[in-house]
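**Q** Chain by chain, the residues:
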Amino acid sequence: NAGVTQTPKFQVLKTGQSMTLQCAQDMNHEYMSWYRQDPGMGLRLIHYSVGAGITDQGEVPNGYNVSRSTTEDFPLRLLSAAPSQTSVYFCASSSTYDTQYFGPGTRLTVL
Amino acid sequence: KQEVTQIPAALSVPEGENLVLNCSFTDSAIYNLQWFRQDPGKGLTSLLLIQSSQREQTSGRLNASLDKSSGRSTLYIAASQPGDSATYLCAVKNNAGNMLTFGGGTRLMVKP
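First to last, the protein sequences are chains A and B. Per my numbering, residue 1 is the first one in the first sequence, and the count goes up by one each step. Per my numbering, residue 1 is the first one in the second sequence, and the count goes up by one each step.
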């Protein structure tokens with residue numbers, strides 16, 4: 001199993017640009033989530049999904065969209081990038097109340 | 001709102017020492033608590049998961065305990081090694097939802 005994979009590893013955007021961070025898992029997990037990690041703020045939940053077709057907001061959802069059309073994929077879309085979205089983004093998956101597995105992260109810089 | 005605190009924020013110890021990392025949480029209505037390790041520039045690796053009905057979990061030189069009523073968990077690392085140097089994070093999952101709430105982490109350095 002590849003586990004949780006994320007692409008790209010690094011990305012630089014200009015303010016106002018849009019992009020999609022990809023996340024995929026091959027463990028047939030129902031639960032997937034996106035976190036951002038910032039110095040001094042720790043990891044904060046952006047959006048999560050409890051199954052295909054079901055998504056919900058986390059602690060810091062503004063400026064981000066998600067969809068879950070398949071069990072395997074959970075992309076995160078930045079609609080109009082802002083410097084405040086400079087961060088490291090982690091995708092995670094789990095069976096609903098079990099161990100969470102994290103991807104390697106995407107380091108995003110917005111200029 | 002659940003808040004998770006980890007003390008100390010940073011710790012430096014000589015190799016071979018036994019050490020304890022602390023995690024406290026404000027809302028005792030948790031479903032489980034998980035300890036993670038994060039190496040610089042990397043993702044999170046799960047170390048131990050303790051369900052709310054359990055008191056402790058062990059894996060090799062690691063032992064995690066949970067006292068739900070007092071809102072505390074500890075991660076005990078025996079005979080520390082330089083390879084244990086990393087940031088250790090605890091996270092709780094509340095009964096009320098699927099959200100994981102993370103502590104700020106303890107940055108551990110084990111000196112040879």
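Check before you lean on any hint, since a few could be wrong.
Stated by the list, open to error - In silico lysine-lysine, DSBU-like type, Cα no more than 35 Å apart, as pairs: (1) K14/A <-> K68/B; (2) K1/B <-> K68/B; (3) K9/A <-> K111/B; (4) K111/B <-> K42/B; (5) K111/B <-> K68/B; (6) K111/B <-> K14/A.
What the hints assert, rightly or not - Chain B residues, not near chain A, derived (Cβ > 12 Å throughout): (7) P14; (8) E15; (9) G16; (10) N18; (11) L19; (12) N22; (13) D27; (14) G43; (15) L47; (16) L48; (17) R55; (18) D67; (19) P82; (20) T101; (21) P112.
Bear in mind the hints are in silico, worked out from the structure with no lab data behind them. C-beta: ideal position from N, C-alpha, C; glycine also.
**Q** Would you say R55/B is clear of chain A, with no C-beta pair closer than or equal to 12 Å?
**A** 18 Å, holds
**Q** Compute the least Cβ-Cβ separation between L47/B and chain A, then decide whether it is above 12 Å.
**A** 10 Å, violated
**Q** Would you mind confirming whether the straight-line C-alpha gap from K111/B to K68/B stays at or under 35 Å?
**A** 33 Å, holds
**Q** Does D67/B really sit off the interface, with its C-beta more than 12 Å from all C-beta atoms of chain A?
**A** 20 Å, holds
**Q** Find the nearest Cβ of chain A to the Cβ of D27/B and say whether that gap is larger than 12 Å.
**A** Holds: least Cβ distance 15 Å, greater than 12 Å.
**Q** For L19/B, is the shortest beta carbon distance to chain A beyond 12 Å?
**A** 21 Å, holds
**Q** So P112/B supposedly isn't at the interface. Is its beta-carbon more than 12 Å from every beta-carbon in chain A?
**A** The assertion about P112/B holds, with a minimum of 28 Å to chain A.
**Q** Just to be careful, I want the Cα atoms of K1/B and K68/B compared with a cutoff of 35 Å; is the pair within it?
**A** 16 Å, holds
**Q** Please verify whether K111/B and K14/A have alpha carbons no more than 35 Å apart.
**A** Roughly 41 Å separates the two Cα atoms, so the pair is violated.
**Q** Verify the proposed pairing of K9/A with K111/B, using a straight-line Cα cut of 35 Å.
**A** Since the Cα atoms of K9/A and K111/B sit roughly 31 Å apart, the hinted pair holds (cutoff 35 Å).
**Q** Does the claim that T101/B lies outside the interface with chain A hold up, using a Cβ gap greater than 12 Å?
**A** Contrary to the label, T101/B does not stay out of reach of chain A, its closest Cβ about 8 Å off (not over 12 Å).
**Q** Hey, does L48/B actually stay past 12 Å from chain A on C-beta?
**A** Per Cβ check, L48/B is inside 12 Å of chain A; nearest 9 Å; violated.
Hint compliance for this structure: hints 1, 6, 14, 15, 16, 20 are broken, all remaining hints hold.
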